[in-house]
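K.L.:
For reference, the chains in residue letters:
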Amino acid sequence: DAGVIQSPRHEVTEMGQEVTLRCKPISGHDYLFWYRQTMMRGLELLIYFNNNVPIDDSGMPEDRFSAKMPNASFSTLKIQPSEPRDSAVYFCASIPTPGQRNEQYFGPGTRLTVT
Amino acid sequence: AQSVTQLDSQVPVFEEAPVELRCNYSSSVSVYLFWYVQYPNQGLQLLLKYLSGSTLVKGINGFEAEFNKSQTSFHLRKPSVHISDTAEYFCAVLSQGGSEKLVFGKGTKLTVNP
Chain A
-11 DAGVIQSPRH EVTEMGQEVT LRCKPISGHD YLFWYRQTMM RGLELLIYFN NNVPIDDSGM
49 PEDRFSAKMP NASFSTLKIQ PSEPRDSAVY FCASIPTPGQ RNEQYFGPGT RLTVT
Chain B
831 AQSVTQLDSQ VPVFEEAPVE LRCNYSSSVS VYLFWYVQYP NQGLQLLLKY LSGSTLVKGI
891 NGFEAEFNKS QTSFHLRKPS VHISDTAEYF CAVLSQGGSE KLVFGKGTKL TVNP
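Chains A and B, in that order, are what the protein sequence lines are.
Residue numbers for the first sequence follow the numbering used here, so the first one is -11 and each next one is one higher.
Residue numbers for the second sequence follow the numbering used here, so the first one is 831 and each next one is one higher.
Bound-form chain B, shown alone (with noise of 0.2 Å):
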């Protein structure tokens, strides 16, 4: 079975300064991961997936990821945020080869002030 820890239950930043969201994932076999972003009263739409290759991802509005496969980390990153960026994000995680059940982290609440 696979799990997913968002250490930062809520990150609040300044406009324009770089921003960080934590996820470590837990998993017996190789996974593919992936980011999404809810805003408020919304569904959840995609940011950003890592599937294969390169460990680096880019994804929608400037955010980027890294996969750290010896620290079973996905960790997600913008270099300067905007007042549009607030909004929760969740990564979540889904086993390769196994089912289509994709395992979600509780989230992390990004608040951007002026």
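So here's chain A without its partners, still in its complex pose (with noise of 0.2 Å):
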């Protein structure tokens, strides 16, 4: 399996567009997380779901944030407007069911610098 896919792998813009960060989850996996890694905060959870249903949103910082499963195999994240503070590298991760125990597979991430 090639693992978590994660596109872009970089992404820069402008303050005040919209950006898409995209995530494609091992086959077969029924769960899926996004996560934001800074120097000053670490690795925060922003949103995961389960079977493409979010199961727990309370780690997305507002509005401006959205993400959705449309399908199982893709996830995106969206920011509108983004701000430089968005700026970050943004993990997707994913796991089979049954969830518990079992590790999270990362993708190698996007680093997103808003300016």
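There's no promise every hint is true.
[To be verified] Capping the alpha-carbon separation at 20 Å, the derived lysine to any residue pairs in SDA-like fashion look like this:
hint	chain 1	residue 1	chain 2	residue 2
1	B	K931	A	G30
2	B	K939	B	G927
3	A	K56	B	E930
4	B	K936	A	A76
5	B	K879	B	Y855
6	B	K931	A	S54
7	A	K56	B	K931
8	B	K879	A	N90
9	B	K931	A	R(-3)
10	B	K931	A	P49
11	B	K939	A	M27
12	B	K879	A	Y19
13	B	K931	B	Q875
Think of the hints as simulated: they come from the structure by calculation, not from any bench.
Starting from the two chains in their separate frames, assemble the complex, guided by the hints.
P.N.:
The structure is reproduced here in structure tokens:
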């Protein structure tokens, strides 16, 4: 298996623009997670899905952030409008069902820079 | 709610020296414990995990960790490090029987010098 795939790997955009990050989980994995990593705050869980349904979005910072999972093999994280403080590395991870006890498989991340 | 404290943000060591990366957690319920490693410009990958049973857990690349319930600790050790162990290490907890929400520590940057 190719592992968790994220695109793009790097994104540079200007403040105010819309940004869409993409993730393809490992085939057969029913849980998908979005994380944000910064020097100041470390690794934060933004949202996670089970069987394409959002289960916990309490980590989504504000209404500018939205995430969708239209099918089992694809998810997006959208920021609109983007701000410089959104600059971070965004990771996607997936686990199979049953989820408990299983390691999370992380993608390589998308490095977002908002100028 | 759970929380994880990694006491050292940076640990420099010389090649072939032993190393211990410290992790303490706080939780009102029983937890599963994990150590992940992140190499530069990569995602995280699992080093080892404690679910139950023996409190000494062995992982990949010669790492091991010991679960100490009374001290709520899960320290990571390696008897002899290599240059290739230079990376950031994250301790994480997951509540048993709860959600899938993994709570990570802030990470420890291990630098192995020749």
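K.L.:
If a hint holds in the structure, say so; if it doesn't, say that too.
P.N.:
Do the hints match the structure? See the list:
1. A C-alpha spacing of about 15 Å is found between B/K931 and A/G30, which places the hinted pair at or below 20 Å, so the restraint holds.
2. Between the alpha carbons of B/K939 and B/G927 the distance comes to roughly 31 Å, so the proposed pair goes past 20 Å and is violated.
3. Using a Cα cut-off of 20 Å, the hinted pair A/K56 and B/E930 holds, with the two alpha carbons roughly 18 Å apart.
4. For a cut-off of 20 Å, the pair hint linking B/K936 to A/A76 stands: about 15 Å separates their Cα positions.
5. Pair hint B/K879 plus B/Y855 holds up; C-alpha atoms about 14 Å apart against a cutoff of 20 Å.
6. This hinted pair checks out: B/K931 and A/S54 have alpha carbons roughly 18 Å apart, not beyond 20 Å.
7. The straight-line distance between the Cα atoms of A/K56 and B/K931 is roughly 18 Å, inside the 20 Å bound, and the hint therefore holds.
8. Our distance criterion of 20 Å between C-alpha atoms is met by B/K879 and A/N90, whose separation comes to about 9 Å.
9. Restraint check for B/K931 and A/R(-3): not satisfied, since their Cα atoms lie roughly 25 Å apart, outside the 20 Å limit.
10. Restraint check for B/K931 and A/P49: the C-alpha separation of about 16 Å stays at or below 20 Å, so the hint holds.
11. Restraint check: the Cα-Cα separation between B/K939 and A/M27 comes to about 12 Å, which is no more than 20 Å; the hinted pair holds.
12. Between B/K879 and A/Y19 the alpha-carbon distance is near 19 Å, which keeps this suggested pair within the 20 Å criterion.
13. Using a Cα cut-off of 20 Å, the hinted pair B/K931 and B/Q875 holds, with the two alpha carbons roughly 17 Å apart.
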